[in-house]
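Protein chains in written order, with our numbering: chain G, 226 to 500; chain L, 226 to 500; chain P, 226 to 500.
To be clear, the hints were calculated from the coordinates, so they are not data collected in a lab. Worth double-checking, as some hints may not be accurate.
Claimed, not checked - When the alpha-carbon atoms are kept at most 20 Å apart in a straight line, the in silico EDC-like pairs for lysine to aspartate or glutamate are as follows:
id, chain 1, residue 1, chain 2, residue 2
1, G, Lys-336, P, Glu-459
2, L, Lys-441, L, Glu-238
3, G, Lys-336, P, Glu-280
4, G, Lys-463, G, Asp-442
5, P, Lys-336, L, Glu-284
6, G, Lys-441, G, Glu-234
7, L, Lys-336, L, Glu-305
8, L, Lys-319, L, Glu-340
9, P, Lys-319, P, Glu-305
10, P, Lys-336, L, Glu-280
11, L, Lys-319, L, Asp-371
12, L, Lys-336, G, Glu-284
13, L, Lys-463, L, Glu-494
14, G, Lys-319, G, Glu-305
15, P, Lys-463, P, Glu-494
16, G, Lys-319, G, Glu-440
17, L, Lys-441, L, Glu-245
18, L, Lys-336, G, Glu-280
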Amino acid sequence: MNLADNLAEESWELLQRVRERAPLVQNITNFVAMDAAANAVLAVGASPAMVHAVEEVAEFVTVADALTINIGTLSSAWVESMRVAARTAARLGKPWVLDPVGVGATAFRRKTATELLDLRPTIVRGNASEIIALAGLAQARQKGVDSTQTTAEAEASAMLLARTLGGTVVVTGAVDLVTDGTRTVRIANGDPLMTRVTALGCALTAVTGAFAAVEKDALLAATAATAVFGLAGETAAKAARGPGSLRAALMDTLHGLDAAVVRAGVRVEASSPST
Amino acid sequence: MNLADNLAEESWELLQRVRERAPLVQNITNFVAMDAAANAVLAVGASPAMVHAVEEVAEFVTVADALTINIGTLSSAWVESMRVAARTAARLGKPWVLDPVGVGATAFRRKTATELLDLRPTIVRGNASEIIALAGLAQARQKGVDSTQTTAEAEASAMLLARTLGGTVVVTGAVDLVTDGTRTVRIANGDPLMTRVTALGCALTAVTGAFAAVEKDALLAATAATAVFGLAGETAAKAARGPGSLRAALMDTLHGLDAAVVRAGVRVEASSPST
Amino acid sequence: MNLADNLAEESWELLQRVRERAPLVQNITNFVAMDAAANAVLAVGASPAMVHAVEEVAEFVTVADALTINIGTLSSAWVESMRVAARTAARLGKPWVLDPVGVGATAFRRKTATELLDLRPTIVRGNASEIIALAGLAQARQKGVDSTQTTAEAEASAMLLARTLGGTVVVTGAVDLVTDGTRTVRIANGDPLMTRVTALGCALTAVTGAFAAVEKDALLAATAATAVFGLAGETAAKAARGPGSLRAALMDTLHGLDAAVVRAGVRVEASSPST
Chain G
226 MNLADNLAEE SWELLQRVRE RAPLVQNITN FVAMDAAANA VLAVGASPAM VHAVEEVAEF
286 VTVADALTIN IGTLSSAWVE SMRVAARTAA RLGKPWVLDP VGVGATAFRR KTATELLDLR
346 PTIVRGNASE IIALAGLAQA RQKGVDSTQT TAEAEASAML LARTLGGTVV VTGAVDLVTD
406 GTRTVRIANG DPLMTRVTAL GCALTAVTGA FAAVEKDALL AATAATAVFG LAGETAAKAA
466 RGPGSLRAAL MDTLHGLDAA VVRAGVRVEA SSPST
Chain L
226 MNLADNLAEE SWELLQRVRE RAPLVQNITN FVAMDAAANA VLAVGASPAM VHAVEEVAEF
286 VTVADALTIN IGTLSSAWVE SMRVAARTAA RLGKPWVLDP VGVGATAFRR KTATELLDLR
346 PTIVRGNASE IIALAGLAQA RQKGVDSTQT TAEAEASAML LARTLGGTVV VTGAVDLVTD
406 GTRTVRIANG DPLMTRVTAL GCALTAVTGA FAAVEKDALL AATAATAVFG LAGETAAKAA
466 RGPGSLRAAL MDTLHGLDAA VVRAGVRVEA SSPST
Chain P
226 MNLADNLAEE SWELLQRVRE RAPLVQNITN FVAMDAAANA VLAVGASPAM VHAVEEVAEF
286 VTVADALTIN IGTLSSAWVE SMRVAARTAA RLGKPWVLDP VGVGATAFRR KTATELLDLR
346 PTIVRGNASE IIALAGLAQA RQKGVDSTQT TAEAEASAML LARTLGGTVV VTGAVDLVTD
406 GTRTVRIANG DPLMTRVTAL GCALTAVTGA FAAVEKDALL AATAATAVFG LAGETAAKAA
466 RGPGSLRAAL MDTLHGLDAA VVRAGVRVEA SSPST
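Bound conformation, chain G alone (with noise of 0.2 Å):
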C-alpha cells in the first residue's frame, strides 16, 4: 500500500477542507478540555458547540456534523447523555470520536468505556495505557490520567480494539499511530513539551471530530488530524519559552498552516498489512 506516500498531501487537503465546510463539531468533553478544545476546533476553522444536556443532546446531533465524547471528568447525569448523544450519532450514520481518560483508573470509568464501545464509536482516541485498559489485553497499570506506557507496546492492543469495533483507533505519545485493525500509520510529529499542556490530547480528539466531519475515510481523517496537530504543537513548540506560550502558539499555528509547512512537515509512516 502506499497510503502513506500521500499522506502529508491528504492532510492538507483534508485541512481545506475543514476550513471551507467548517463543519459543526459537538463535543461532550471535560470541564479542564473545554477551553482548549473549542479554541482548537476553532483554530482548524470549524465550529464547536459544547452540548451536554440530556434534555437538548439528542436533538443538537441532528444538525450536528460530527459528535466527540471525552469522558475525562464523569458525572451520572453526564453518562447519560454520552449514551443518548452516542447512540443517536450511530443511528444517524455521523461520525463520532471516543476519548477514554483515564479508562483504567476507576470501575465507574470502564463501565462507562464499555458502554461507549457497545455503540461503536468511528474512532477511539487515547494514550498507550487507555487503549491498552480499553482493549482489556493487558490489567491496565494506568494510575492517573497520563500514560506510562510506550505506543508500541499499546500496538496489538490498538489493532484487537479496532479489528472488534470495525472502526479507527489512534495512540497518542511520542510516536503515534493510526490503525483500522488492517492498515497501520506512525506520526513522528509533535514534542515533549505538549505533555506539560493540559487537556491537548483532549483537543486533538475534538478536532478529529472535525476532520472525520470531512472525510468518510476514518483512518485518513484521523491520521491527518493527528499530524497536523502534532505539527502545530512542534512549529509551536520551537519558538516556545514554555508550556504557558506553547499553548497560545499551537492554537496561532493550527490557525495559520499553510500547504508549504504541512507538505514538508508531516511526518508519516505506512506499515504493510499485518494479516
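With chain G held as given, fit chains L and P onto it using these hints.
Same frame as chain G, but now just chains L and P:
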C-alpha cells in the same frame, strides 16, 4: 440626538468608573466561557464571581452589583438557578444581562430563554441568529452556536425585542448594534480574528455586566462595554500571530487601555429614532 | 529557629523532588480554575487529575498522592464528593489541601467549609478574608471572592485555625503568611498583577498539593509551593504586557525555574514562635 458625539468619551468615563468601583459581577455562564469571562472581567478592573448553586445563588445576588446569565451549557439544575437568580435581581432592581447562546438550536434553549425573558433582562446580548430567534420574527436558521446571519438582518428583531422587553439589546457581529427600541447605535470596532477565539462573546456579556453595574442608562453601558471590548480586540489583533496570542493580548489590552487609545479608537454611529 | 535561612534552598529541593517523582494530584476544583490549576500542576512537573464524581472519587484517592478541594463553584452533588474524598484521604493518611473560596459570602459555603474542616485538612490556603471567616474570629466582611482584608489582619485567625486543626494555614496576599500555629513564615514573592488573572490562588492550591505529596512537613511544603509560585509570578510579571501574557509567562516560568533563580529569588522571613 447627539449621543454618538460623546460615546468615545463616555466609554472612557465608564471604563474609569468600572476600574474605580470594581463592581462585583456574578456570572452564571457556560463551562467553556468560565475562564475567558472571569479574566475579561478582571482585565477591565471589576471582580467576577461564578456562583450558580441553587442553594446560594439568590443570597449571592444580594451582594453582587450585577448579574449575567449565559445559557451556553445548560442543564436542568442550572436553569432553576438561572430563574432564581434573575428573579432576585429583578426584585432588587439590580441590572442583569442575558446571553442566549445557541437559542435557535434546540427546544430546551428556546424554552429556557423564553422563561428568562419573562424576568426582564436589563440587557440581552447575542449574535444576529440568536437575536432573530429570540425575537421570534423569523424561523431561526441557526445550526450551531455561531451566527449565520448579519447584524443588518437582525436589526428589526433587535428593535422589536428591545421594545417588548423595555430593555436594551446588543447584536454583535462584523458591526455591532445596540438599541433600546428608540435609540440605536452602531459600533465598528472589533476584528474578524476574534471569531476564532472561543467564548469572547460570552466574555463581553460578563464585561457588559460590569458596565451596567456602574451606569443606569443601559444603552450607554452596553455601548461602552461593546466598544471598549471591540477596541481592545482590534488593537490586540494588530500584533497577534493568531487566535492563541490574540486571546492573551486582548486581556493585556483591556487591562491597559488608556484615555488616548479609547478616545481615538472607539468608532460609533447613532441613528435617528426610527419611530 | 533558623527555618528561614534554608527556605530558598529547601524550596529548590522540593521543586526538584516534585519534578522527579511527578506525584499524582487529584483536584476537586471549581470550573473557572480547572484549566489554570491543571496547567500549573503540569508546569511544576506533577500530574493533575480532576476527578469529582461520587461514583469514583474515593477509588481515585487511593491511587492519588495528594488531594486538593476547592469550594469555588459548589453544588450539592460536589459537596458530597468532597466529603467522601476528604474522608478517604484522611483515613489513608494522604495529604489534602482545602481552598475555602468565598467562604464568607454565603451560608452554603460556610456550612460546606465547616464540614470539610472537621475532616482535618493538612493545609488550608485562602486569602485574608477567607481565613478570617474560616477562623470565626470576626464577622466576615467578604463581599465576593476577592479579599478586602490584609494578611496582617488575618494573622491571628490563621494561627488560631492552624492550632484548632493541627494543620498548616496559608494566607496569600501582598505578603503571604504560612503558619502551623507555632512556626510562622512570611513570603514576599509575587506581583500585584497576579490578582488580575483569574484562579491563580486556586492554581497555587493545586500546586501546594503537589508539594505536600513529596514532603511530610506541611509547613515546609506549603512554604516552598507558595514561594516558588510567587517567584514564578513576579519573574513572569517583569516581561508581561498585562494579565493575558502574565498567565502564559507564569506557566513558562514555573516550568523553567532553575536553581540559581530559586536560590536568589525566594524571599522568606521566619518569626519566632509566638507562644
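Okay, the hints, checked on the actual structure:
Among the hinted pairs, Lys-336 (chain G) with Glu-459 (chain P) is inconsistent with the structure: their alpha-carbon atoms are about 45 Å apart, more than 20 Å. Proposed proximity of Lys-441 (chain L) and Glu-238 (chain L) is supported: the alpha carbons are some 14 Å apart, at most 20 Å. Among the hinted pairs, Lys-336 (chain G) with Glu-280 (chain P) is consistent with the structure: their alpha-carbon atoms are about 11 Å apart, no more than 20 Å. With a C-alpha separation of about 32 Å, the suggested pair Lys-463 (chain G) and Asp-442 (chain G) falls outside the 20 Å cut-off, and the hint is violated.
A C-alpha spacing of about 14 Å is found between Lys-336 (chain P) and Glu-284 (chain L), which places the hinted pair at or below 20 Å, so the restraint holds. At roughly 17 Å between alpha-carbon atoms, Lys-441 (chain G) and Glu-234 (chain G) fall within 20 Å of each other, so this suggested pair holds. Between Lys-336 (chain L) and Glu-305 (chain L) the alpha-carbon distance is near 12 Å, which keeps this suggested pair within the 20 Å criterion. Only pairs whose Cα atoms come within 20 Å are accepted, and Lys-319 (chain L) paired with Glu-340 (chain L) is accepted, the gap being roughly 18 Å.
Between Lys-319 (chain P) and Glu-305 (chain P) the alpha-carbon distance is near 19 Å, which keeps this suggested pair within the 20 Å criterion. Among the hinted pairs, Lys-336 (chain P) with Glu-280 (chain L) is consistent with the structure: their alpha-carbon atoms are about 11 Å apart, no more than 20 Å. A C-alpha spacing of about 29 Å is found between Lys-319 (chain L) and Asp-371 (chain L), which places the hinted pair above 20 Å, so the restraint is violated. Pair hint Lys-336 (chain L) plus Glu-284 (chain G) holds up; C-alpha atoms about 14 Å apart against a cutoff of 20 Å.
With a C-alpha separation of about 23 Å, the suggested pair Lys-463 (chain L) and Glu-494 (chain L) falls outside the 20 Å cut-off, and the hint is violated. For the hint pairing Lys-319 (chain G) with Glu-305 (chain G), the CA-to-CA distance comes to about 19 Å; that is within 20 Å, so the pair holds. At most 20 Å may separate the alpha-carbon atoms for a hinted pair to count; Lys-463 (chain P) and Glu-494 (chain P) exceed this at roughly 23 Å. For the hint linking Lys-319 (chain G) to Glu-440 (chain G), the alpha-carbon distance of about 11 Å falls within 20 Å, and the restraint holds.
Using a Cα cut-off of 20 Å, the hinted pair Lys-441 (chain L) and Glu-245 (chain L) holds, with the two alpha carbons roughly 16 Å apart. For the given pair, Lys-336 (chain L) sits about 11 Å from Glu-280 (chain G) by alpha-carbon distance, which is consistent with the 20 Å threshold.
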